[in-house]
Amino acid sequence: MTTRISRDALAARIAADIPEGSYVNLGIGAPTLVANFLPADQEIILHTENGLLGMGPAPAADAVDPDLINAGKQAVTALEGAAYFHHADSFGMMRGGHLDVCVLGAFQVSQHGDLANWSTGAPGAIPAVGGAMDLAIGARSVYVMTDLLTRTGEPKIVAACTYPLTGVRCVTRVYTDHAVLDVTPDGLAVRETFGDTTVAWLAEVTGLTLLDATGTDASEVA
Amino acid sequence: MIDKTVPDTARAVAGIADGSTVLVGGFGRAGQPVELIDALIAQGARDLTIVSNNAGNGDVGLAALLAKGRVRKMICSFPRQHDSWVFDRLYRAGEVELELVPQGNLAERIRAAGAGIGAFYSPTGVGTQLAEGKETRTIDGRDYVLEHPIRADVALVSALAGDRWGNLVYRETARNFGPVMATAATTTVVQVDRIVPLGSLDPEAVATPGIFVDRVVAVGERRWLDAGAFVGGVDVDGNPLAATAADAPEGAHR
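Protein chains in written order, with the working numbering: chain A, 1 to 222; chain B, 1001 to 1254.
In isolation and in its complexed conformation, chain B is listed as follows (with noise of 0.2 angstroms):
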């Protein structure tokens, strides 16, 4: 029988070397893998490099690895927001590394990964400084930029819901890099909401299919959506939203 799931976030994460690469879901907070990083945090894994879209936002997830100094470098297209100041803070202190990707290229580099493909030509950056140094090639009239893949150690990806071989599916804009980073790590770990039994999901509507998947980590209803914790983003009239969940109005959410 196969049976990917583990009863909690700390086995979930489990053996994270130092030194890992782990790439890391989520746009903002829509998908981050709040649950897993805490356990990352807890677990102690240090020097890590992060890929992901972002660089964390307010002082959870992402923001709370990189305060505790585990993060050696950094490769994602939008570290700067309004609500980055943990990783603004290291940066300028010189104590992370940068590796800024356009995010279509971030991507394709982490798909191209999963897929066994060496390296790709890319339109996107072609004659800016962030294709400086990289091969180019006109391909029938048409500039490209030589992008080669990210692998990764580990992958920590977050879905609505998942069974006992690792079928996933995802909610809403909170799928973003999810799919793309299962397939492209060594160990994929996934937090879902709720497990299903086999059979239930629907097989038309799986957007991981569970080969990609190692280990499956139930999280429940996540809280901090309950709690209004909408950090990285703003409210309908442009203003930041509440950064603590103790700021936030209650059920403001489903």
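Looking at chain A on its own, in the form it has when it is part of the complex (with noise of 0.2 angstroms):
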């Protein structure tokens, strides 16, 4: 096992590749810790699909609102300039490619940017699929966050996905725990590693052939 950055840090990192002006959906679960890390002199928006652009942080306890919340029902405010807008509205936003970024989490990615994430498929298991399928098929760019290894260690970056997928070619960019992955018309290309994990460990981990364009500027293959 090489080098995993935390989930903090790897949070960080995504921030730290959403510009400015940004319109942005971070779903539910790890992927909203990356608003912790965006910064606090930039005007990045955030949007919560259920109906809100311009969320701002979970209110202090005495401050709950039970009717303003995000997208897992947490209790969030609204920033200055926040706009309410109905269910149609907020999927027609990503449907209709009006948002400029969305991080997800996965159970699985596929070499060809296919992504499942809703559902393990196992028999007995209450299907939920919330927005989860226009998301990945809405943003401009869809970003997951994910570990690069299962709990028993099994590579979640596949050839192809075994479990339900949630959208077809739909990934852009995969953010694990060891190393920064673009989905490339030729495959993934390897953009950045994390301390000592390697290309070559990368690609025997997940069985994968890999680009290897760590040491490119981002925008050269994103």
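No wet-lab data here; the hints were simulated from the structure. One or more hints might be untrue.
[To be verified] 20 angstroms max Cα-Cα, derived SDA-like pairs, lysine to any residue:
(1) B:1073 <-> A:125
(2) B:1004 <-> B:1201
(3) B:1134 <-> A:164
(4) B:1073 <-> A:128
[Said to hold, decoys possible] Residues from chain B that keep clear of chain A, each with C-beta distances beyond 12 angstroms, as calculated:
(5) 1038
(6) 1164
(7) 1187
(8) 1222
[As the list claims (entries may be wrong)] Chain A residues, not near chain B, derived (Cβ > 12 angstroms throughout):
(9) 3
(10) 9
(11) 15
(12) 21
(13) 68
(14) 111
(15) 130
(16) 151
(17) 185
(18) 195
(19) 196
(20) 200
(21) 209
(22) 210
(23) 211
Virtual Cβ for every residue (Gly too), placed ideally from N, Cα, C.
Join these two chains into a complex; the hints should help.
The structure is reproduced here in structure tokens:
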């Protein structure tokens, strides 16, 4: 096992790739950590699909307002300049290509950018999809934030997803705890490795042919 | 004179027939018309198809309707949550049918019904299990799946305030499905915190024009908000919020 960076460090790494002026959806769960690392002196507007642009941080415990929540149904605040809207408009913002970036979790990402993140397909499991499929095909840049390996050591970046798909060829870039990879027409390109992680090691654990794009400028590949 | 107001929730839900398809607003508890659902439980309609984003939280509102065995089928996007134990039990026992729809397709299918659209091609869900068996089409190089409108007999919606013509304003993210659902039912029933005199709503701020609304009932300040019964959500530390009013701190909102 090579160097792994923490979830917070990974969130900070993702935040560093989001330019000022972006409209961004951080989904639910771990990707919401990215908000903690967006620079306070830049205007980056957070979208939550239940109907708010300009979402702010969690309120103080005594200022929780049950009518003001995010997609994870957590209490949030609305910043100056915020706007509320109904669900059809909210998902039109995704589907219509208005959202610049979304950050999603993953069970698996394929080498072609297919995403599986809504169901393990386990028998007896109750399926729930929410806005995952809309986000996956909706934002201009779809970033995945995930561990490279499952707890049992299986790679989550795979030749082809075995879990039910959320979207086909929809992922732009995968941020893992070991490396950042871009989905390119020629396959997965390793953009950046953390610590002593090498492209050769990534290729070995994933069993995939990976392009080495370390040392090139992100804009050349993305 | 047009007066869509009704004096109580029982009259607001009167006439809802067995076997009806009912749109129920809300995202989790925000915007869920809990008082109208309570009235629907008392009214007794059964064999219902319920269209709502979630399938109930805790033991109140939609969860209570499910627990009473009144629901034949749920059409929703996100039934499974940490506090969806009522739906989970019924689903595993095979006592309720589920049609799972991606959230944006759910909203757009309802919108399409209200807007008189016959069907539409959506890019969401293409190539996934949720598009299986549906017609697909490539338009300008992009793949789409054909989605049909969801029309309903009744919509139950929660808004902040309304007037006797049925004009509505909402509050914060409790707006969610309300403006869309209000358009898509034969009979749209709205609960509001308060009914205000005609002319007192800013026409620029009206989110649902009264043409879409049939009945409006005032339920007063929603006491379950004051009681902090913010189920379906978690607090700022990520812990599930109190499931019952008795467990909640007083004055936890506003």
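Hints and how they fare:
1. Between residue 1073 of chain B and residue 125 of chain A, the direct Cα distance comes to roughly 18 angstroms. Compliance with the 20 angstroms bound is thereby established for this hinted pair.
2. Taking the CA atoms of residue 1004 of chain B and residue 1201 of chain B, the gap is near 16 angstroms; set against the 20 angstroms cutoff, the hint holds.
3. With a CA separation close to 17 angstroms, the supplied pair residue 1134 of chain B and residue 164 of chain A stays within the 20 angstroms bound.
4. Simply put, residue 1073 of chain B and residue 128 of chain A have alpha-carbon atoms about 15 angstroms apart, close enough for the 20 angstroms limit, and the pair holds.
5. Under the 12 angstroms C-beta cut-off, the non-interface status given to residue 1038 of chain B relative to chain A holds; the minimum distance is some 17 angstroms.
6. Every CB of chain A is more than 12 angstroms from the CB of residue 1164 of chain B (nearest about 23 angstroms), matching its label as outside the interface.
7. The beta carbon of residue 1187 of chain B sits about 20 angstroms from the closest Cβ of chain A, which is more than 12 angstroms, so the claim that it is off the interface holds.
8. For residue 1222 of chain B, the non-interface assignment is contradicted: its Cβ lies about 9 angstroms from the closest Cβ of chain A, within the 12 angstroms cut-off.
9. The beta carbon of residue 3 of chain A sits about 28 angstroms from the closest Cβ of chain B, which is more than 12 angstroms, so the claim that it is off the interface holds.
10. The Cβ of residue 9 of chain A lies farther than 12 angstroms from every Cβ of chain B, with a closest approach of about 20 angstroms, so its non-interface assignment holds.
11. No beta-carbon of chain B comes within 12 angstroms of the beta-carbon of residue 15 of chain A; the shortest separation is about 20 angstroms.
12. A cut-off of 12 angstroms between C-beta atoms confirms that residue 21 of chain A is not in contact with chain B; the least separation is 24 angstroms.
13. Against chain B, the non-interface label of residue 68 of chain A is violated: not every CB pair exceeds 12 angstroms, the least being about 4 angstroms.
14. Its beta-carbon lying about 16 angstroms from the closest one in chain B, residue 111 of chain A satisfies the requirement of being farther than 12 angstroms from that chain.
15. Non-interface call for residue 130 of chain A relative to chain B: violated, since the shortest CB-CB distance, roughly 4 angstroms, does not exceed 12 angstroms.
16. No Cβ of chain B approaches the Cβ of residue 151 of chain A within 12 angstroms, the least distance being about 20 angstroms, so the stated non-interface status holds.
17. Distance check for residue 185 of chain A against chain B: the nearest CB is about 15 angstroms away, which clears 12 angstroms, and the non-interface claim stands.
18. Listed as outside the interface, residue 195 of chain A is consistent with that label: its C-beta sits roughly 29 angstroms from the nearest C-beta of chain B, beyond the 12 angstroms cut-off.
19. Non-interface call for residue 196 of chain A relative to chain B: holds, since the shortest CB-CB distance, roughly 33 angstroms, exceeds 12 angstroms.
20. Non-interface call for residue 200 of chain A relative to chain B: holds, since the shortest CB-CB distance, roughly 32 angstroms, exceeds 12 angstroms.
21. No beta-carbon of chain B comes within 12 angstroms of the beta-carbon of residue 209 of chain A; the shortest separation is about 23 angstroms.
22. The Cβ of residue 210 of chain A lies farther than 12 angstroms from every Cβ of chain B, with a closest approach of about 24 angstroms, so its non-interface assignment holds.
23. Every CB of chain B lies more than 12 angstroms from the CB of residue 211 of chain A, the least distance being 25 angstroms, so the non-interface label holds.
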